[in-house]
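Starting from the known structure of chain Z, arrange chains Y and X on it as the hints suggest.
In order, the protein sequences belong to chains Z, Y and X.
So for the first sequence, our numbering puts the first residue at 1; every next one is plus one.
So for the second sequence, our numbering puts the first residue at 263; every next one is plus one.
So for the third sequence, our numbering puts the first residue at 531; every next one is plus one.
There may be inaccurate statements among the hints.
Unchecked claim - In silico EDC-like links for lysine to aspartate or glutamate, alpha-carbon gap of 20 Å or less:
| # | chain 1 | residue 1 | chain 2 | residue 2 |
| --- | --- | --- | --- | --- |
| 1 | Z | K82 | Z | D109 |
| 2 | X | K564 | Z | D170 |
| 3 | X | K564 | Z | D109 |
| 4 | Z | K82 | Z | E173 |
| 5 | Z | K82 | Y | E270 |
| 6 | X | K564 | X | E633 |
| 7 | Y | K453 | Y | D373 |
| 8 | X | K564 | X | D643 |
| 9 | X | K805 | X | E633 |
If you are wondering where the hints come from, they were derived from the structure by calculation, not from laboratory data.
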Amino acid sequence: MVRTYALLAATWMRAAAQYPASLVMLTAGSFAANALDIAAIWIIFRHTGTLGGFTLAEVMFLYGTGGVSFALADMLFGNVDKLSRHIRAGSFDTMLIRPASPFVQMAVDRFTPQRFGRPAQAVVVLWLALAELHVPWSRAWMIPVMILCGTVIFTAVFTLGGALQFLLTDAPEVANAFTYGGSTLTQYPLSVYGAELVRAVTYIVPLAFVNWQPGLYVLGHEDPFGLPHWLRYAAPVAALTLAGAAALAWRAGVRRYRSTGS
Amino acid sequence: MEAPRTPETVIELAQVGRTFTVSRRTGVLRRERRVVHAVRDLSFTVRAGEFVGYLGPNGAGKSTTIKMLTGILAPTAGRISVAGLDPARRRTALARRIGVVFGQRTTLWWDLPLRDSFELIRHLYKVDRVRYRERLDRLTELLGLGEFLATPVRQLSLGQRMRGDITAALLHDPAVLVLDEPTIGLDVVSKAAMREFLRDLNAQQGTTVLLTTHDLGDIERLCRRVMLIDHGRLAFDGTLDDLRATAPGETSLEAVVTRLYTRDRLFQ
Amino acid sequence: MPIFRNPPRIAPAAAPREVVFQLYLRVARYGFRKHAAYRAAAVAGAFTNTVFGILRAYVLIALWEARPGLAGYDVAQAVTFCFLTQAFIGPMQVFGGGIELAERVRSGDAAIDLVRPASLQLWSLADDLGRAAYLFLMRSVPPTLAGAALFGIVVPPSPAAWGLVAVSVVLGIVVSFGVRYLLALSACWILDDRGLQQVALVLMMFFSGMVVPLRIIPGWLGALAEALPWAAMVQVPADVYLGATDVPRALAFQAAWAVALLALGALLTRAARRKVVIQGG
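With the rest of the complex left out, here is chain Z:
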């Protein structure tokens, strides 16, 4: 699987290199598009010192960790949310007749170097936040763990969004509410959202384990909602559970796939 992915990614990048001007524009454009979220945070903190009880550095830490996770998941697997387009164009059929996983083929389709831009940007924000925060080593071990778990959670969300498109082929935008919606949600401390919403993303769609619960641990911050303390260590469990559910949903989708056309 990894070999197939690497092989296809290298081939796509070679194809993309045929249009260097477009590649530069696209990379710059996507860099700027992602910078808008950072601009929003900067503008908000021009007007206030804390947001939902968190300082600018803490919000940047949450943005950075959530952002790196989302960006890695998006870079490697985000393309599966374009499934409906491939189903309608019939190109998903051609993925099914090749001796490789259709999931890997979907994920790597049209892989361009542009995909490296987003993680790089989030890493910079995280690095700036950590320079400011001085997190002790006794708690910093959680940072790589949470980024890994967050990446798995977002990958699972992308996969679920893709699997949903086997059913809702004409309405792929529904998936955006969960994928990009999830990314937007984790850019800010969950304390700005209502208690019901936070309970929903803790116990139903476990987005709270991307950066909020483990982030509270790293920052040594109290939980404003008073949820149990052990939840801070539960990110791996949440990630594995969601990944399992996503894998089942994708398999079910491929099995009941009905190709278009006559």
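Chains Y and X alone, transformed into the frame defined by chain Z:
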């Protein structure tokens, strides 16, 4: 001449059916659900080395059959075996044993030069480097693709692209080749070249070929056996001469087939 | 002696005015119906817009609780602003596209459109207004109602105020069309326009007020943002709705950009026609 003396079965369908549930909006909130039988009670076998034409009017169930044979669609009833495998369950293993070409869409990578597409297929299908070189040289020579190997697929003409697709489908030396309308949109010269290539492939390599087409010229020049599907059922299965014999008065194959296609409509 | 001094033209300019009007009315109706075929996509879009509206509303509430009265809005107005921005995504086509012309330019079919005896620009505008009308019904009303139900939103005080909102929204759609039409026609000159589209998207997202209200952007950047055409698409109609602006001035601002962009579009159309007719595309 490597055709085996006792040809084994390579494709077998037993009482295969495929239904689709179609929902149609009948009111603001009301929906009507209807079960459509794309294919029903379809049984046939194809033996190694055969060249079979699969005919049928639009919407008769041709593509559904092809998609079930290649593992893209799972049947809702019956049993399918292709090259000894159940396509829907063993799709990846099956992919290494069969070659598939869709005339309507390419399986090649749009922005890549042909050579890169082929190289990628070598890796995906795990074809040994030496054998790959041999086959590629032979196929490019037979199909006259040599000068286009460096051209991106999107810049190829339809005929060139189709030859590229055929090459891609044959690089891993499949025992069965499934072709869905391979001559659609081709000019007379390309069509003739394609037919000659396919005939030689079948005669010399013993590759089993199943071909759907609307072009009766393909059938007349290539297929020793013809199957005709209509309304999801097998309406005819026999040799080309048997097919002609169904309508003794008609002179052209076109008229014979038109008569078969419109048969039930006349009786209804 | 030639019978016709000029070649005979079946241009709409020669037709009676009401015939021309009916033609474009019909085009608009077809635009509406064309998009009505994608009902599932519109419902999905409305759902996504609502989810984002809710998420962004919470962030704005947190900010306005920290800084009450920021930008001259109270909390209720800030929440309303947030749902309005989501409601405008559909009709204003914030994420770009919506004009069939761009694909037709790329495929070469636009050559046929350019030599048709009707104004390509007006034709596209009528089609786009039909599209906007459908998306307004399907993608603007639901998120606004969801915002009203979940958070409570402010409502214009009188029918006259509603009328001004309608004028402002239509002007916003025309300005949005003006920008997207220029981008679509640019495909006549730029071969691979994906990069340009990406840059256009970023400008639209930021300078329309989608990301944050333009009024809280500090300094010269804020002043610049409020003067650019993108402000006419989201920020200004939202302010007209909220009654948080000098309405006649706001409408004049939108109308000025609409006229300027349409004029530029007409010039570019002429250049495109010359390119197609003389150089053969």
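Query - Violating hint indices (sorted, rising) - result: Structure breaks hints 3, 5 and 7.
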